[in-house]
Amino acid sequence: MTADRQLPMARGPVREVMPAEAADLIAAGAVLIDTRETHEWNAGHLEGATLIPPIEVVEKVTQLAPDKEKQVVVYCAAGARSMRAAMQMAALGYQNVTSMAGGIVQWKQEGRPWQMPGDAPAVARNPRYARHLVMPEVGPEGQGRLAESKVLFIGAGGLGSPGLLYLAAAGVGTLGIVDFDVVDLSNLQRQVVHTDDRIGMKKTQSAAMTIRALNPEVKVVAYDEMLTEENVDRLIAGYDVVIDGTDTFETRYTLNDAAVRAAIPVVHASVFRFEGQLSVFVPYEGPCYRCLYPTPPPPELAPGCSVAGVLGVVPGVMGLLQATEAIKVLLKLGDPLVGRLLIWDALDGAFSEVTLRRDPNCPACGQGAMVAAAAAEAQPTLAAAG
Amino acid sequence: MTSVRVPPVLRVHVDGQKEVAASGGTVGEILNDLVARHPGLGEQLLKADGSLHRFVNVYLNGQDVRYLAVLDTPVTDSDALIILPAMAGGA
Numbered sequence: 001m002t003a004d005r006q007l008p009m010a011r012g013p014v015r016e017v018m019p020a021e022a023a024d025l026i027a028a029g030a031v032l033i034d035t036r037e038t039h040e041w042n043a044g045h046l047e048g049a050t051l052i053p054p055i056e057v058v059e060k061v062t063q064l065a066p067d068k069e070k071q072v073v074v075y076c077a078a079g080a081r082s083m084r085a086a087m088q089m090a091a092l093g094y095q096n097v098t099s100m101a102g103g104i105v106q107w108k109q110e111g112r113p114w115q116m117p118g119d120a121p122a123v124a125r126n127p128r129y130a131r132h133l134v135m136p137e138v139g140p141e142g143q144g145r146l147a148e149s150k151v152l153f154i155g156a157g158g159l160g161s162p163g164l165l166y167l168a169a170a171g172v173g174t175l176g177i178v179d180f181d182v183v184d185l186s187n188l189q190r191q192v193v194h195t196d197d198r199i200g201m202k203k204t205q206s207a208a209m210t211i212r213a214l215n216p217e218v219k220v221v222a223y224d225e226m227l228t229e230e231n232v233d234r235l236i237a238g239y240d241v242v243i244d245g246t247d248t249f250e251t252r253y254t255l256n257d258a259a260v261r262a263a264i265p266v267v268h269a270s271v272f273r274f275e276g277q278l279s280v281f282v283p284y285e286g287p288c289y290r291c292l293y294p295t296p297p298p299p300e301l302a303p304g305c306s307v308a309g310v311l312g313v314v315p316g317v318m319g320l321l322q323a324t325e326a327i328k329v330l331l332k333l334g335d336p337l338v339g340r341l342l343i344w345d346a347l348d349g350a351f352s353e354v355t356l357r358r359d360p361n362c363p364a365c366g367q368g369a370m371v372a373a374a375a376a377e378a379q380p381t382l383a384a385a386g
Numbered sequence: 001m002t003s004v005r006v007p008p009v010l011r012v013h014v015d016g017q018k019e020v021a022a023s024g025g026t027v028g029e030i031l032n033d034l035v036a037r038h039p040g041l042g043e044q045l046l047k048a049d050g051s052l053h054r055f056v057n058v059y060l061n062g063q064d065v066r067y068l069a070v071l072d073t074p075v076t077d078s079d080a081l082i083i084l085p086a087m088a089g090g091a
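So the sequences go chain by chain: A and P.
The numbering of the first sequence is this note's numbering, which starts it at 1 and goes up by one.
The numbering of the second sequence is this note's numbering, which starts it at 1 and goes up by one.
What the hints contain is simulated information worked out from the structure, not anything from laboratory work.
One should not assume that every hint holds.
[To be verified] Facing chain A, according to a computed beta carbon distance under 7 Å, are these residues of chain P, among others:
hint, residue
1, 12
2, 13
3, 40
4, 47
5, 48
6, 55
7, 59
8, 61
9, 67
10, 86
11, 87
12, 88
13, 89
14, 90
Here a beta-carbon is modelled for each residue, glycine too, at the ideal position from N, C-alpha and C.
All chains should be modelled from the sequences, with the hints used to inform the complete structure.
So this is what it looks like as structure tokens:
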């Protein structure tokens, strides 16, 4: 607690009082002014308050409180802006202006009542997401969108583990997990969503337990199966974003082709020893995985992690970058890595980037593929018509 | 000489080096010089007919050479080449 909170100050007609006394003044009918920005107001405010952002105080306060004798209580987040506003009001001739020390932060810490704007979603009242709710780029609207979002993880392994944890913590409403494997001791060097006492347990079940312990508001949908050509369309249907955390080329191509068909963005990453690669494939907006590499290398030229090894933190970092990109796509924030491949070299401590382009001849998303897909779709109709 | 960044998966063929130097006026000449110096890279990068494998991308100053003049793309000593084969690891 700071000194000025312990010893509220009097500066001419301006007084600074603790929340308890402010509450008494409000109950006695004082005019109540919230001098913060709109996004802060949207994350919660005091009942009966009127929002006047700092820059508008001089212009608007006389409309709100024409009687300059009347008691006015002004607050902000922590007490600094409200003190400035109170001084401005005193200069305008107000006789009884009170700034609430500690602001709404202190008010909430003391367990006093506050409210959300009338049209805010329920999630916006959830203190779990307080750090998101005060950010203008997320706010109640963005948090509500996260709560309605569905993200599918292909693999609850090295890449999937950190993303599952952070997207659960972030309040993504539904997390699907496709994994047919069980937890093995050799996984625990990097697959932090699992624990030592769950060795032998299905990874989907273990991940679901961790997610529930972290954020019981998240719905987990477990698919205890291997992603194949036969089930991929069913598995990805209805998801907003897919996180590719698989370990084989076969699965990556199967996922890519189905995601292009269903027009679902895929956040792609792969890792090898001390290095990771990351990109976001948004079908028809940017390149897909086949635009980048139309065919896989022969197995002997591309060893997986189990053969080549990987520093445990490398999939951790790349998995978190995937989670970050997923949130950007869901909330339409910033510049997702569409048409860009990010390369991270852990030993150099350096990121570099190359430009990816859509291949007009891509067998998955190129012109020919689209024509073939349209023809295949039209075929049953034609047959029925014939 | 132009600097060529070698991906981790291929470093075993260049004595573990991250970056190697090769000479030539085009991407093709540089790759051929690279293979002459490090024969193990040959089958990793090039097909028998001398063209680039489809699972390997080469970037000149961050741009995919397939969208430039492929192996005929001119290169100067101040340019930077990156070799980037597909990698699948994730678990």
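Okay, the hints, checked on the actual structure:
1. Interface restraint check for residue 12 of chain P: the shortest CB-CB distance to chain A comes to about 10 Å, outside 7 Å, so the restraint is violated.
2. For residue 13 of chain P, the interface hint is violated, the least distance from its beta-carbon to any beta-carbon of chain A being 11 Å, above 7 Å.
3. A distance limit of 7 Å between C-beta atoms decides the matter here; for residue 40 of chain P the minimum to chain A is near 11 Å, and the interface restraint is violated.
4. The interface hint given for residue 47 of chain P is violated, since its Cβ lies 12 Å from the closest Cβ of chain A, which is over the 7 Å cut-off.
5. Restraint check, residue 48 of chain P versus chain A: the minimum CB separation of about 14 Å is more than 7 Å; hint violated.
6. The interface hint given for residue 55 of chain P is met, as the beta carbon of that residue sits about 4 Å from the closest beta carbon of chain A, less than 7 Å.
7. Taking 7 Å as the C-beta cut-off, the interface hint given for residue 59 of chain P holds, the closest approach to chain A being about 4 Å.
8. Nearest Cβ of chain A to the Cβ of residue 61 of chain P: about 9 Å, over the 7 Å cut. The hint is violated.
9. Against a cut-off of 7 Å between C-beta atoms, the interface hint on residue 67 of chain P holds, since the closest Cβ of chain A lies about 5 Å away.
10. Contact between residue 86 of chain P and chain A, as hinted, is supported at the beta carbon level, the nearest pair being about 4 Å apart and thus within 7 Å.
11. With its C-beta approaching chain A no nearer than about 5 Å, residue 87 of chain P sits inside the 7 Å limit, and its interface hint holds.
12. For the restraint placing residue 88 of chain P at the interface with chain A, the shortest Cβ-Cβ distance is roughly 5 Å, inside the 7 Å limit, so the hint holds.
13. Given the 7 Å rule on beta carbons, the hint for residue 89 of chain P holds: about 4 Å separates it from the nearest Cβ of chain A.
14. Satisfaction of the interface hint for residue 90 of chain P is found here, the shortest Cβ-Cβ separation to chain A being roughly 5 Å, below the 7 Å cut-off.
Comparing the model with each numbered hint stated earlier shows that hints 1, 2, 3, 4, 5, 8 do not hold.
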